Amino acid sequence: MIPEIGHFALILALCVSIIQGVLPLIGAQQGRREWLVLARPATQISFLLLAISFGVLAWCFYVNDFSVLYVAEHSNSQLPTVYRLGAVWGGHEGSLLLWIFLLTGWAFAVAQLSKTLDEFMVARVLGVLGLVATGLLLFVLGTSNPFERLLPAAQDGRSLNPLLQDPGLVFHPPMLYMGYVGFSVAFAFAIASLLSGRLDAAWARWSRPWTTTAWIFLTLGIALGSWWAYYELGWGGWWFWDPVENASFMPWLIGTALIHSLVVTEKRGGFKNWTVLLAIMAFSMSLLGTFLVRSGVLTSVHAFATDPRRGIFILLLLSLVVGSSLFLYALKAPKSTLGGKFSLLSRETLILMGNVFFVVAAGSVLLGTLYPLLIDALNLGKISVGPPYFNAVFVPIMVPVLFLMAVGPWANWKTTDLKTLLKRLWLAAVLAFVAAIAIPSLMGEFTILTALGFLLAFWVIASGVLQIIRQCKVGMPTRSFIGMQLGHMGIAVFVIGVTMVGAYQEEKDVRMAPGDTVTVGGYQIRLMGVGPAQGPNYQAMRGTFELVRNGKVQELMYPEKRNYDSSTMPMTEAAIDAGLTRDIYVSLGEPLEGNAWAVRVYYKPFVDWIWGGCLLMALGGLFAVMDKRYRLRVKK
Amino acid sequence: MKAKFIIPLLLFVVLVGFLAVGLNRDPREVPSPLINKPAPAFKVPQLADPNKSFSPEDLKGQVWILNVWASWCVACREEHPMLVELGKSQVAPLIGLDYKDKRADAMEMLARQGNPYNLSAMDNDGRVGINYGVYGVPETYVIDKAGIIRFKQIGPITKDVLDKSIYPLITQLNKA
Amino acid sequence: MFKKILSSLLLASLVSIAYADEALPLASDPALEQRLISISEEMRCLVCQNESLSGSRSELAQDLRREIRDLIRQGKTDAEIRTFMVDRYGDFILYRPPVKPTTWLLWIGPFVLMIAGIMALLMYLRRRNSQVNSVALSDDENKRIDALLREDK
Chain G
3 MIPEIGHFAL ILALCVSIIQ GVLPLIGAQQ GRREWLVLAR PATQISFLLL AISFGVLAWC
63 FYVNDFSVLY VAEHSNSQLP TVYRLGAVWG GHEGSLLLWI FLLTGWAFAV AQLSKTLDEF
123 MVARVLGVLG LVATGLLLFV LGTSNPFERL LPAAQDGRSL NPLLQDPGLV FHPPMLYMGY
183 VGFSVAFAFA IASLLSGRLD AAWARWSRPW TTTAWIFLTL GIALGSWWAY YELGWGGWWF
243 WDPVENASFM PWLIGTALIH SLVVTEKRGG FKNWTVLLAI MAFSMSLLGT FLVRSGVLTS
303 VHAFATDPRR GIFILLLLSL VVGSSLFLYA LKAPKSTLGG KFSLLSRETL ILMGNVFFVV
363 AAGSVLLGTL YPLLIDALNL GKISVGPPYF NAVFVPIMVP VLFLMAVGPW ANWKTTDLKT
423 LLKRLWLAAV LAFVAAIAIP SLMGEFTILT ALGFLLAFWV IASGVLQIIR QCKVGMPTRS
483 FIGMQLGHMG IAVFVIGVTM VGAYQEEKDV RMAPGDTVTV GGYQIRLMGV GPAQGPNYQA
543 MRGTFELVRN GKVQELMYPE KRNYDSSTMP MTEAAIDAGL TRDIYVSLGE PLEGNAWAVR
603 VYYKPFVDWI WGGCLLMALG GLFAVMDKRY RLRVKK
Chain D
80 MKAKFIIPLL LFVVLVGFLA VGLNRDPREV PSPLINKPAP AFKVPQLADP NKSFSPEDLK
140 GQVWILNVWA SWCVACREEH PMLVELGKSQ VAPLIGLDYK DKRADAMEML ARQGNPYNLS
200 AMDNDGRVGI NYGVYGVPET YVIDKAGIIR FKQIGPITKD VLDKSIYPLI TQLNKA
Chain X
34 MFKKILSSLL LASLVSIAYA DEALPLASDP ALEQRLISIS EEMRCLVCQN ESLSGSRSEL
94 AQDLRREIRD LIRQGKTDAE IRTFMVDRYG DFILYRPPVK PTTWLLWIGP FVLMIAGIMA
154 LLMYLRRRNS QVNSVALSDD ENKRIDALLR EDK
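Protein chains in written order, with this note's numbering: chain G, 3 to 638; chain D, 80 to 255; chain X, 34 to 186.
Do not take every clue at face value.
[Stated by the list, open to error] Within a straight-line C-alpha distance of at most 25 Å, the following computed SDA-like cross-link-like pairs (lysine to any residue) qualify:
| hint | chain 1 | residue 1 | chain 2 | residue 2 |
| --- | --- | --- | --- | --- |
| 1 | D | K238 | G | L346 |
| 2 | D | K139 | D | P195 |
| 3 | G | K416 | X | V132 |
| 4 | G | K510 | X | E55 |
| 5 | G | K117 | G | G477 |
| 6 | D | K83 | G | L352 |
| 7 | X | K176 | G | K510 |
| 8 | G | K269 | G | M478 |
| 9 | X | K109 | D | R206 |
| 10 | G | K630 | G | I470 |
| 11 | G | K630 | X | K109 |
| 12 | D | K179 | D | S168 |
| 13 | G | K421 | X | V132 |
| 14 | G | K337 | D | L89 |
| 15 | D | K179 | X | D173 |
| 16 | G | K269 | X | D173 |
| 17 | G | K384 | X | A153 |
| 18 | X | K176 | G | W428 |
| 19 | G | K269 | X | F117 |
| 20 | X | K109 | X | G142 |
| 21 | D | K131 | D | L89 |
| 22 | G | K475 | G | N414 |
| 23 | D | K83 | G | L346 |
| 24 | G | K343 | X | E100 |
If you're looking for bench data, these hints aren't it; they were derived computationally from the structure.
Owing to the predicted nature of the structure, the values given are computational and were not obtained by experimental measurement.
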């Protein structure tokens, strides 16, 4: 009975979304006020219905209702409660429901926080969001209903893939989807302004906080996924250029270009067409990513179970949404006016140049991800495009971006004098060079690539610090300024982490019996013993290791080899001692004869700076959003 | 200057085209680079009598079929009835290559489900499989009179594959 | 049999001269193992298809790693080992796509894109500056817009 309520709520939501999508848009076109004003209430009801539907599904998982097929496929009575919640989005149907739930959530937020916005604009924005929701609801109801029944009900469920039984699962997808779906708001604003023919700076001003917020979530979502892979998969990697990872990274790249472009459009009225195009592209990338993951077109460790029917449906949805947007763009964009004048050397140019590199980067990732498909479709064979390609291509493209990041904030709007720029930058350059030579030398190994990494990172940091000093002399920095500094510093910190770990990590694969020690990164790791351990739904062999430095025991570490009740593949649960300047990573391998075990240990210097940098970026975004200039107060 | 605004749309249409084609492809399938190349040589013991050996040389001058199978492979059991049919049709010698298996288990499976093979050989360490580009069982090769591989089936043989690909090919190769 | 005795004697002597309780590397030849890792890291495991050949625990991956070790011992170069794999499994097994006519677009594409992007940008900027400016919102105008937008409808 209860699952049917969830199902029914979805059907109702579909009807409401159709109303929300169609009537306000026509109303705005024809000036019909009675249809315009339907937008907000329709949005609110949509959200309520989706909340009910999602709540019902969560409830089914909570009470172990195995008469619901989706629950039986992804959950199990032995599964700890928190993972039963995570399992709601552990599979295709549920994660899609989460997607739509968050979409209506964002639309609801726009509806509530846009009381001072022109009602034609509101109608159009909510209308576009309603149309997108309609498409997705049709998809869910047509091909991916999470409330489908399994009769007779299963005794117990199949359970969740052990890899997913982890806190990372509980947070990573919702965070990520908040980002993906959040770009729909920028998209809706862009479409609304194209429809109205009023492509002006005011639109950019409205879009900015929404877009930045979505970007914050996407940054956190990707960082969380990367960190989760690092500690969960057992062999220390943190990014694999897997198609689904790329599917999340491309919107991020475009989104970053977009938030910078919006700055210019808002402040200077420039780049209107380009910013609109970026907004369309960002959300298109989100939709494309959704397609790639669920259609079976690419192999990926992340891919959900595939069904060609679903693939066709999403492709159609993707074609309709993006195709019609780009068509509208082709029609309306030529009519917009240019913004203010600016010279070849100016902040506008530098931002625009950065944009070009971000878009080229996104394009390259897209090329690499889809190339195997391209070759196969043309019957030219089967190839793989993996990390060696992406690393070779992505890094050179990002080098100019890092360079520009330090220069841009010093440049004035409209025009900047080259001499002034050089005067402001020379100190940062010197400091950067010193760091580039000193650090690798201190660490004991100097390579060009490593030096380049430190050069760029410290170039950005030094420039940023100098900017902060200069600004503080003049007065209290705005939140927007702080946001920018944190964001740029975040990237620099990230680069330091990547460079350090890439160049100076140590790995040892050894045979250890109790009493044996292995030395790595200046630490000794001694095996005390390996014994059995029991978990809620698994048996394990747990190792006890002492982490020793300078003769003192710092920490005890407990890596495990788990055998889950529901799976035949043993799972490695690595033990990590995390620190500000290094991680020590211990992974238990196979048992060997003579009471010994295969053990792998890693010393990973500064690896946490990778995710620390992402956190800084997100924090920067938060400051930027909170700047008072971009939040209009609602007068009551 | 208006034309440039159409470019994003055009690029997108091309992209969708490729994605649509891609929906019909299986990205996991690895086609063999050995088609139209000589079948790699090997010499391995026979399943029935390990003192005897088998080599592709033995069948030079005939069109023949090599089926890689194993008793531990679920899909092979599903494929088995098709192999029995293929064996009965007598269109070409059907040789089995028992891949990384235990002799006792393999013999037991053949006894239980029937032995469609003229002969089965054992690839205990998987080296022959690697040379033939085997990455999953079952896999089947059609080899011509000169010892060149002309066709590879990845995965179980179905009625469709037999009727549309294997029988016609063998007929054609026998004529040559 | 003789080999077994010899290798256990060897191991025993290694153990006795090694540091007391310092763990021995798992691989009998760490240098060879390093080379194995660097080669197999750039290859795809065909069974799991989303792990590299160096990390995968599947049987085929273990067999293929064994083959690579043999090839290294035989003195083959990295390129020869890659050719060995490609002859049997096709280009699909390589994570680094080989540079051939079908992949020129792949390898050249990003850089062509970058150059095209920069050139398009420069041309756009030059052309733009010759066209006279129009509406950019001044701070005053911004405040007026705020006031207008805030008016209750």
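Which hints from the list above does the structure break, by number from lowest to highest? 1, 3, 5, 7, 11, 12, 13, 15, 17, 18, 19, 20, 21 and 24
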